[in-house]
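Visitor: Sequence:
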Amino acid sequence: MINKDPSVNIAIPKLPKAIDGLKEISLNLWWTWNPRGKNLFKRLNAYLWKESSHNPIAMLKNMSKEELDKACADEYFMREYHYVYDMFKVYINDTNIYADEPLPIAYFCAEYGLHHSVPIYSGGLGFLAGDILKESSDMGLPMVGIGFMYPKGYVRQFIGTDGWQNGAEEPLEKDVAPIERVLDKDENHFTIEVPFIDPPVYASVWKINVGRVTLYLLDTDIEKNDPWDRQISSRLYTSDRNQRLRQQIVLGIGGYRVLEELGIEYSILHLNEGHPAFALFERVRSFMENDKLSLDAAIQKVKKTSVFTTHTPLQAATDVYNFDMISASFKDYWEKLGMNKEQFMSFGLNPDNQSAGFNMTVFGINMCDNRNAVSKKHCEVATKIWEHVLPKMKDDKPAMDYVTNGVHLPTWIGDELAEVIMSSLGDKWSLIQDDSALWGFVKEINNKKLWDISQRSKVAMVNFIRERVRIKYAQDGIDPVVAMAEGVLLDPDILTIGFARRMTEYKRPDLILHDLDRLEKILNNSGKPVQIIFAGKAHPSDMAGKKILQHIFKTAQDCRFRGRIAFVEDYGENVAKYLVHGVDIWLNNPQIPMEACGTSGMKASLNGTLHLSVLDGWWPEAYNGKNGWAFGVEPSENAKDASALYDLLENEIVPLFYDVDNKGVPNNWILKMKEAMLSIPPEFSARRMMKDYLEKFYIPISKDLQNKES
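Residue numbering for the sequence shown is 1 to 710, as defined by UniProt numbering.
Please keep in mind that the hints were generated in silico from the structure rather than gathered at the bench. Don't be surprised by glycine CBs; every beta carbon is placed ideally from N, CA and C. A hint or two may mislead.
Pairs of lysine-lysine, DSS-like flavour, derived with a Cα cap of 25 Å [stated by the list, open to error]:
| id | residue 1 | residue 2 |
| --- | --- | --- |
| 1 | K703 | K301 |
| 2 | K703 | K397 |
| 3 | K38 | K17 |
| 4 | K672 | K703 |
| 5 | K449 | K672 |
| 6 | K303 | K384 |
Here are the simulated distance ranges between beta carbons [unchecked claim]:
| id | residue 1 | residue 2 | range |
| --- | --- | --- | --- |
| 7 | V665 | E66 | 43 to 51 Å |
| 8 | G338 | E709 | 23 to 31 Å |
| 9 | V481 | D515 | 17 to 25 Å |
Please work from the sequences and hints to get the whole structure.
Guide: Structure below.
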């Protein structure tokens with residue numbers, strides 16, 4: 001049994017009664033996508049707000065009683081506090097936004113990118129999952145999330161003088177993050193025993209409030225577990241295969257058990273990638289025990305009520321476990337379900353490579369009748385990859401559909417642009433964000449006003465990067481050449497290209513460095529200079545990715561480029577926001593067709609940054625010839641693609657940027673900025689994405705279930 005109020009965070013101090021609502025707001029990530037919520041905490045103490053890296057719990061913990069009492073006596077602050085708190089309460093209590101509501105949805109994912117104070121993400125998959133929870137909250141969809149705590153977070157990136165990526169742990173400070181312990185009836189930390197692991201493994205449960213959606217996180221780093229078992233949830237994407245399998249058992253089966261023991265009822269299971277797919281077997285078990293269904297009937301019900309989203313453009317990128325590993329973990333499990341070994345293994349057997357082992361993506365495809373890729377092009381690629389796994393359909397429903405990813409606009413839009421939107425569309429603009437016609441207001445924005453906002457964002461970005469270098473210098477002392485490579489010489493007045501994503505071979509981070517002599521002429525053009533900002537982490541075990549990163553960093557150290565190439569260390573959510581708001585060009589050049597979707601370019605375009613990309617992932621659906629640029633050949637060839645990129649920069653992009661009027665405003669450039677802001681945000685918003693999930697999966701599943709029950 002769980003308490004009526006089953007959560008606690010012990011770090012927040014006792015607040016004066018007049019402002020005790022700050023505790024409630026700080027423990028709900030609603031404030032992260034509401035500018036007035038953020039500014040309320042900033043008004044309390046701007047210095048501590050900055051020092052806490054915009055973490056209200058850490059900030060409140062360090063504020064004195066005298067300072068809090070002073071805020072209570074500040075009429076202006078108290079007026080704003082009451083307004084924001086009332087906004088928050090109205091939002092939380094308004095559960096009737098989406099009229100055609102589906103049945104409850106349980107969303108399982110290995111990572112969630114929500115805010116940098118909760119480092120339980122590594123990249124795009126996590127930010128997508130985070131945006132899905134935020135948008136579900138905004139729409140009032142009945143959703144609950146399941147994930148992992150990762151007490152040791154993801155790798156913290158430090159670049160050495162030699163340009164080599166070094167990793168360090170950055171333990172998650174649970175008690176100063178917007179995370180709460182879930183308590184049992186005795187007010188102890190609620191803990192479950194994960195079924196079918198011997199010796200037993202236990203996981204404590206935490207929660208994060210994401211607006212109206214609750215995300216539950218499992219944590220095996222507790223004294224009740226043996227030291228080896230405590231490490232199961234410690235790191236995201238461990239390279240140890242045995243530990244990775246145990247991690248996915250805890251996530252899928254343990255996560256399902258959490259919802260069961262909390263008494264949280266849901267009808268639709270949505271799996272984001274194959275990592276949590278073992279939840280499907282646990283769902284079969286639940287239907288057999290609780291609904292008294294036969295094995296076959298339970299499997300069919302699971303298939304019809306589960307959604308599987310794949311992000312994988314390669315068979316080789318999936319998790320595959322050898323049969324002995326699966327047998328050691330699941331022998332008792334398949335016997336409990338009434339299966340034999342061959343039947344159990346068949347669900348994860350890849351017909352293209354039957355001896356490889358148990359494939360988690362194949363398992364997800366086989367156990368879910370509702371499957372989707374994450375862009376139209378990815379759907380074509382994934383359908384071909386898994387053609388021998390996907391069933392032959394007799395009706396019009398495709399064996400693999402697609403829902404192109406989208407981004408949560410209120411999270412990723414710059415504050416100044418958000419104010420412009422609110423002045424035109426009102427405070428409720430996010431409710432109608434996917435209506436393309438309404439974005440026509442962008443045409444009416446004064447060119448100079450839009451340009452000034454863009455330039456201020458660029459100045460803020462450059463200052464942010466320089467400040468990071470200053471802090472590093474003050475703490476550790478660094479070589480001046482390293483300081484140059486990390487951006488201390490960046491110029492906010494020149495054309496700036498951004499490349500920020502995972503450092504791995506298929507993304508070709510160093511493509512623009514293919515011909516350094518030609519690049520030098522572009523960057524050092526005396527009248528029309530250009531600079532490039534790189535950011536991104538290589539996976540700790542990806543040696544090829546680390547070598548590419550080192551090549552970029554060493555190039556940035558080369559004095560002939562005059563500090564116009566920079567690598568920003570330790571890329572994460574906070575750095576990403578500065579970059580998508582501040583650069584002029586967002587560069588993307590993966591090997592076609594290796595990009596499943598990508599979302600960073602959507603965030604950039606929302607802020608008027610122009611996308612420069614090969615036609616892969618989401619860009620073939622978005623590019624209209626006026627809202628950015630496309631280059632490259634298919635299949636990709638480095639020499640040809642680099643040459644095409646240089647041609648575009650020299651002949652079109654750089655001249656357009658520097659073609660300014662007598663007020664210094666590049667009006668033709670701004671026309672493209674406006675076209676990007678007109679055409680991309682409504683079509684590639686998380687609102688449109690979630691409506692697609694509703695139309696293609698959630699509502700049909702709900703109606704089918706309700707018809708059968710009636």
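Visitor: Each hint needs a verdict: does it hold in this structure or not?
Guide: Right, here's what the structure says about each hint:
As the CA atoms of K703 and K301 are separated by approximately 14 Å, the hinted pair is consistent with the 25 Å bound. About 16 Å separates the Cα atoms of K703 and K397, which keeps this hinted pair within 25 Å; it holds. The straight-line distance between the Cα atoms of K38 and K17 is roughly 21 Å, inside the 25 Å bound, and the hint therefore holds. For the proposed pair K672 and K703, the alpha carbon gap of about 43 Å is over 25 Å, so the pair is violated.
Taking the CA atoms of K449 and K672, the gap is near 15 Å; set against the 25 Å cutoff, the hint holds. Restraint check for K303 and K384: the C-alpha separation of about 22 Å stays at or below 25 Å, so the hint holds. Distance hint check: the CB atoms of V665 and E66 are about 48 Å apart, consistent with the given range 43 to 51 Å. Distance hint for G338 and E709: a CB-CB separation of about 25 Å, consistent with the stated range 23 to 31 Å.
Roughly 23 Å separates the CB atoms of V481 and D515, a value that falls within the hinted 17 to 25 Å.
Hint 4 from the earlier list is the only one contradicted by this structure; the remaining hints agree with it.
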